[in-house]
Structure formats: C-alpha cells, structure tokens
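Start from the sequences and build out the full structure, keeping to the hints where you can.
Residues per chain are reported as follows:
Number of protein chains: 2
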Amino acid sequence: MFEREVVLKLIGVLHTPHQTLEDMPIQPSGALDIEGSAELFPEYAEGLTDLEGFSHAILLYHLHKASGCKLRVKPFMDTVEHGIFATRSPCRPAAIGMSVVRISAVADGRLVFTGADMLDGTPLIDIKPFFGPVDNQPDAVSGWLETKDKNPAGLRHSDNRFCS
Amino acid sequence: MFEREVVLKLIGVLHTPHQTLEDMPIQPSGALDIEGSAELFPEYAEGLTDLEGFSHAILLYHLHKASGCKLRVKPFMDTVEHGIFATRSPCRPAAIGMSVVRISAVADGRLVFTGADMLDGTPLIDIKPFFGPVDNQPDAVSGWLETKDKNPAGLRHSDNRFCS
Chain F
852 MFEREVVLKL IGVLHTPHQT LEDMPIQPSG ALDIEGSAEL FPEYAEGLTD LEGFSHAILL
912 YHLHKASGCK LRVKPFMDTV EHGIFATRSP CRPAAIGMSV VRISAVADGR LVFTGADMLD
972 GTPLIDIKPF FGPVDNQPDA VSGWLETKDK NPAGLRHSDN RFCS
Chain P
852 MFEREVVLKL IGVLHTPHQT LEDMPIQPSG ALDIEGSAEL FPEYAEGLTD LEGFSHAILL
912 YHLHKASGCK LRVKPFMDTV EHGIFATRSP CRPAAIGMSV VRISAVADGR LVFTGADMLD
972 GTPLIDIKPF FGPVDNQPDA VSGWLETKDK NPAGLRHSDN RFCS
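Order-wise, the sequence lines are chains F and P. Each number in my numbering corresponds to the 1-based position in the first sequence with 851 added. Each number in my numbering corresponds to the 1-based position in the second sequence with 851 added.
For the record, the hints were derived by calculation from the structure and aren't laboratory data. None of the values given here were measured: they were computed from a predicted structure. All clues stand as given, with none of them false.
In the DSSO-like style, the derived pairs of lysine-lysine whose C-alpha atoms are separated by at most 30 Å in a straight line are: (1) K860/F <-> K916/P; (2) K860/P <-> K921/P; (3) K860/F <-> K921/F; (4) K999/P <-> K916/P; (5) K999/P <-> K925/P; (6) K921/F <-> K860/P; (7) K925/F <-> K860/P; (8) K860/F <-> K921/P; (9) K860/P <-> K916/F; (10) K921/P <-> K999/P; (11) K860/P <-> K916/P; (12) K925/P <-> K860/F; (13) K999/F <-> K921/F; (14) K916/F <-> K999/F; (15) K916/F <-> K860/F; (16) K999/F <-> K925/F; (17) K860/P <-> K860/F.
Stretch by stretch, here's where chain F covers chain P in the computed footprint (C-beta under 8 Å, at least three residues): (18) 870-882; (19) 932-944; (20) 978-984.
For every residue, glycine included, the Cβ atom is placed at its ideal position computed from N, Cα and C.
As structure tokens, this is what we get:
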C-alpha cells in the first residue's frame, strides 16, 4: 500500500512583517515592496553558496496556521467554489505553500528578499533557485483565473476565511 | 524553539515511464513528450474540479529515492560544486521535488500530463495551478546557470551520482 504521510526536515524560519493571517498580500505580486528574510538553521547555512547570483528563488514552506482543509473552496480571487487543487488557497490537504520571491541579498546564513507574502515565523522547507528556461511558461492559460484581473494579486489581500 | 520537522499528508502517487534513477530527464523541459499521470487517493479526487481549465500545473512530490544529502553538490548541469539551495539537485535536506507540467486531461481522480521527469511511484504531496501573472518571472537571472546552454535540461539526463 501507498504511504499516506511524509516527514520532511525543516531548514529554517521565515521572518516577515505579517503577524496575523488577515489582511496579508495573497501572493508575492501583491507584496513587491515587502521585505522578508529566510533564516537558515546554522547547520544548513553552507547550502546557500552561489544563490546570490540568481535574481529569484522559490520558497517552499509549511502553512502552519492554515486550518479547516476542504476539497472545494471559495478562493480570495473569486466568489464561487473551485476544487482545492485548482486554487492556491492555503487550506490544502498537505499544508505547503510556494512563493517565487526576488533575492535582495544572501549572507550569514540568511536570504533577504522582496515579495514577502508569508506569515512571520513560517517554517521553511526548501529553497530552490528560479531557472527561467525551466520555470517560465509564457503560453500558460489560467482556467477560471483567466477571467480575472491579470494582476489581481496586487490588489487583493486576505481575509479571515481560512483562519481557525 | 523552532520545529525541525514537519509531517505532511500525501495526496496520491505519480505514474511515469521512469523505473530507475539513472538516465532520466532532469527537468520537464527534457521530457516534453513524456506522459505521466497523477493518481489521487479517492478521498481527494474532488479537489481536482476546475483544474482542467489550466494549461499547466505545479507538482510537489517526495523525492523518496534520493539519498546522501550534502550541502554542496556537483549538479547534473555543471562540473563544479554549488550550494544545494543554488541547485535543483534531488539530494536536499527536505527531499521535496517540484515540476511544472503541461496538463493533458483531468478526469476520474487523475491528472494526465506531459513533462514527466519523476520516478514511477513517486509520492505526490500537492498540485497547484500555474498562474502566469504570479509564477512567471520574465526578467529572471539564473546565476551559474546563465553561462550554460539556455535549454540544457532538454539535453541532459541524470546519472547515478545521487543514487544510494
């Protein structure tokens, strides 16, 4: 039979100005001027070597305050329900979040970035370098999001719908 | 003190033609014609609703066969070492992989896609819809990868360097 859970190591913690789940930017594009940092646990600091040459990084983190997972949700950017895997809503079966952020500096076991759309104290799972030829999809079609403002994340902030 | 591990639910399993870690495509861009599927556990199938309207999905999965995590690695695409967080190498502290794949079909609790660069039987952690205005970074600069072929993942396959 298939495993139903996985245990992953955490590599550090995210520091941001966001202390509560309400009224947060819902994506990095709504937080372009908001600075955050990833503080790695000392034993992992060496792994940041050469990341400073990249303009963007992909952060994967534990959505540790999300709760009330449902399979259909009304996301921040719509008024009707969609399947959870067709949304970026935080209350997912596996509470993992992903943000592509712009790198400001890398030094002393710390990555400083802009685009901070995470809660302060969020546990960090992984950092990957953004590689345009692999990660960009210039012809992407965005389903129900196609009919929304093309940069809606810059306008929308969270509310309390996914708070416990 | 900070937590050092996180337990995440798995939502399904990936089916691909790749039975061994050697000679695999190292990114979806090297597997554009290779079909795979994500089979969700029945209790999560409803969460796929409306994903079929998107052209691309982000798959997050457990790199369950990676081993020998090191903080500096010589990645498939270079001959010198880099910090693990400046590479996409599979042997990371948190063994989590990410691939952006092209959606072929969504039905009966299953997502069929092209761009299959994962091992058959890989445990699936999450599916997120790709949203161009948030996920694309047209001005991205790629550090040490900038000096490599701009589409090297289409040429390179894995070898046994990260096998146990």
